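Position chain B relative to chain A; hints supplied.
Top line first, the protein sequences correspond to chains A and B. For the first sequence, our numbering begins at 1 and goes up steadily by one. For the second sequence, our numbering begins at 1001 and goes up steadily by one.
Rather than coming from a laboratory, the hints here were simulated on the basis of the structure. Computed from a prediction, not measured in an experiment: that's the story for all the values here. Accuracy of the hints is not assured; some may be wrong.
[As the list claims (entries may be wrong)] Partial list, derived from the structure: chain B residues whose beta carbon lies under 10 Å from chain A: (1) D1353; (2) A1364; (3) H1380.
Don't be surprised by glycine CBs; every beta carbon is placed ideally from N, CA and C.
Read off the chains here:
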Amino acid sequence: MKKVIIFLMCILLYSAVAMAKVSGVCSDCHTMHYSQGGSLSGGGPYESLLINNCIGCHTGENDGTNTTPYVFSETEPTYGTNTLAGGNFYWVAHGCNECGHNVTAIPGVSQDPNFSQTPGYVSGKTCSSCHGSGNMVLTKCVFCHNPKHHGSESGPVIGDDEEVKYRFLSLDYYHPSTFQEGSYNFYGVAGIEDDDWEYTISSNDHNEYCGAASSGDYDGASHSISRYCAACHWGFYGENTEHWKRHPSDIALPNSGEYANYTTYNPLAPIARLESTLTGMTAASSTVTPGEDQVSCLSCHRPHGSPYPDLLRWDYENKCKAGTSDPDCGCFVCHTEKGG
Amino acid sequence: MKKVVMLIVGMCMLLYGVVAMAKVSGRCDNCHTMHNSQGGSPMAYDETGNPLSEAQGALLITTCLGCHSSTGTEVTKTVAGSTVPVVYSQGGPNYTTDGKHAGMGEVLAGGNFYWAATVGDAKGHNVSGIGSTTFTEPPGYSQATSYGRPATWDMSKFTCAGMYGCHGDPSKEGSFAGIYGAHHADDSCLKLATYDDSEAGTTVGKSYRFLLGIKGIEDDDWELTVSPSDHNVYLGEDRNSDAISSTATISYLCAECHGDFHSGTGNLGMDDDNFGHPWLRHPTDYDMGNTDAGSEYRSYGHPDSAVGTYSPIAPVGWASLSANMTIDTVTFSDDTIVLCVSCHRAHGTPNDDILRWDYNAMQAGTDDPRNNIGGCFICHTTK
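Excised from the complex, chain A in its bound form (with noise of 0.2 Å):
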């Protein structure tokens, strides 16, 4: 009796996970020749014979009832409340240029006129050995997200030893995958995926992200978030050892002083996990282990956007007052004695 019950739980856990891999009628997503009644509709024709492009089918309000993640919303939504874990190209398409990355296929989102090198470039490095002074206009979603929608996963963890990488993202759109594995080592990014995205959240419900393949590795073969960032932004992560001069990430959490009482996950200011924990891991952890567990680019920012300057997740300017408390403050989500 005991096994039956297990054995059903499986299924209905099961069940219940969100997949990437879609499902449903073909003709809700693709059409054949682009042609319906004797004419073209507008606006395509698109490529895989798709009947919207990118951001045509990923803009809209999510109410947690939507089985397609919404990235862009034409009206303002709720921070926090109705932007997913990603955030959101709202702000950055409505006039605030360092809200979000700059996707300039979103309506409304130009280049950042403030920068004439991506942030972080150093010549030489990753991207920037084949493309010049670093100033790459993100022109498509494809720069980062390399979509496989009827790719197969195995799950839990996604991407470490399969084609779909988590959330679909890898470089390898443009390029083969084994030039980014032989550039800089890195082979997408693997972790688990949140089934509704982060719509809902709490300590047990997020994503988990990957981070170093191990503690204090740079060239390691690598499934790390943070080193996907690194892609363009290497001198905010490669050119940090020793004594930091710049905010460290896939660095462990110091065991120690008052980084030892960060013990229960925030999503505020989400850790990632050391690669061979993530692995063994079955669905989303509450427990942060300082000494072992990771910051990572996604503790501070959300790639997509937020209302806040440098995409960060937080007010950074009005809620992080040293000495005062502030739960709005992602910044004493480690920092935990700074906060007063």
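For chain B alone, kept in the frame of chain A given last:
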């Protein structure tokens, strides 16, 4: 000895009689009337049997539909001892629309005009007199002059054959002029056992299904009986660009009116700057053997059959045809060419866009979709 010779001759005659030939036989007055007058009454009639006082082209006693339609549900009929393919069954033929049947053995290979005539214009080609449409030209009709078609289309003239039709000679206006003489041609060059590539396509009568210039091997009962080893064999082309190239493929015939879907320039066609994935539109005259060795397309096969089994549900084309060639299996080398007819039946089906199967039944994310659903998944085997 004399008896043996006569026996052999008799057996040959029986064997010959089994293979359906386009070349008609029998009494001339089965099809022709000299003056359309007999006892003061016309001899010609339409597809419903009503008399036609106007004399018909080629001295025929009826129209295309008069011979090639039925008042019931049958998809073949006997006219004076000859079996005639029926493409419009006015009583409504059966058609199982799921992706594992798609009308196989229920309608002929080209489908049936019944649904275009009775349900709506999305169910078939809207030949004048059969169905109607709000279209003013065929979808994808551009560069028509590149295909020998008129620069502008006249839907009121859309006929079975000729300049504004599919069959026959497109340089001739009207069905009778377009098809003239074809029914009397020796088309043995289009049969599997006697296929002759040098003759095929040279005249209307020697062209696949009277589609001038098009080569192919004609199934002897128009796929009334059909299986992986008993079917039409289509000519395709293994292209590396979507420019117009071979003019002998079945997809080229479609392109004469739907050119953009086959050879459109720029983003009017299948691709933009690069031929291949990601496509803008569904490719045709493209060999799936060009896909990666481990791709899903290398698992093409008839449902509930081994991978590599030809599927008459989603037929593919060969880059070259020959007498007695193997037609029941494919090798993914110039024999898995995607065609327009891989997905469509030209005359009509119960499905929108004259698809061979119900597109709305194609559910992505199903386990083993090739064998469980068929249809699109006969090629897209892991979607």
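Problem - Non-conforming hints, listed in increasing numerical order - result: Of the numbered hints given earlier, the structure breaks none, since each of them holds.
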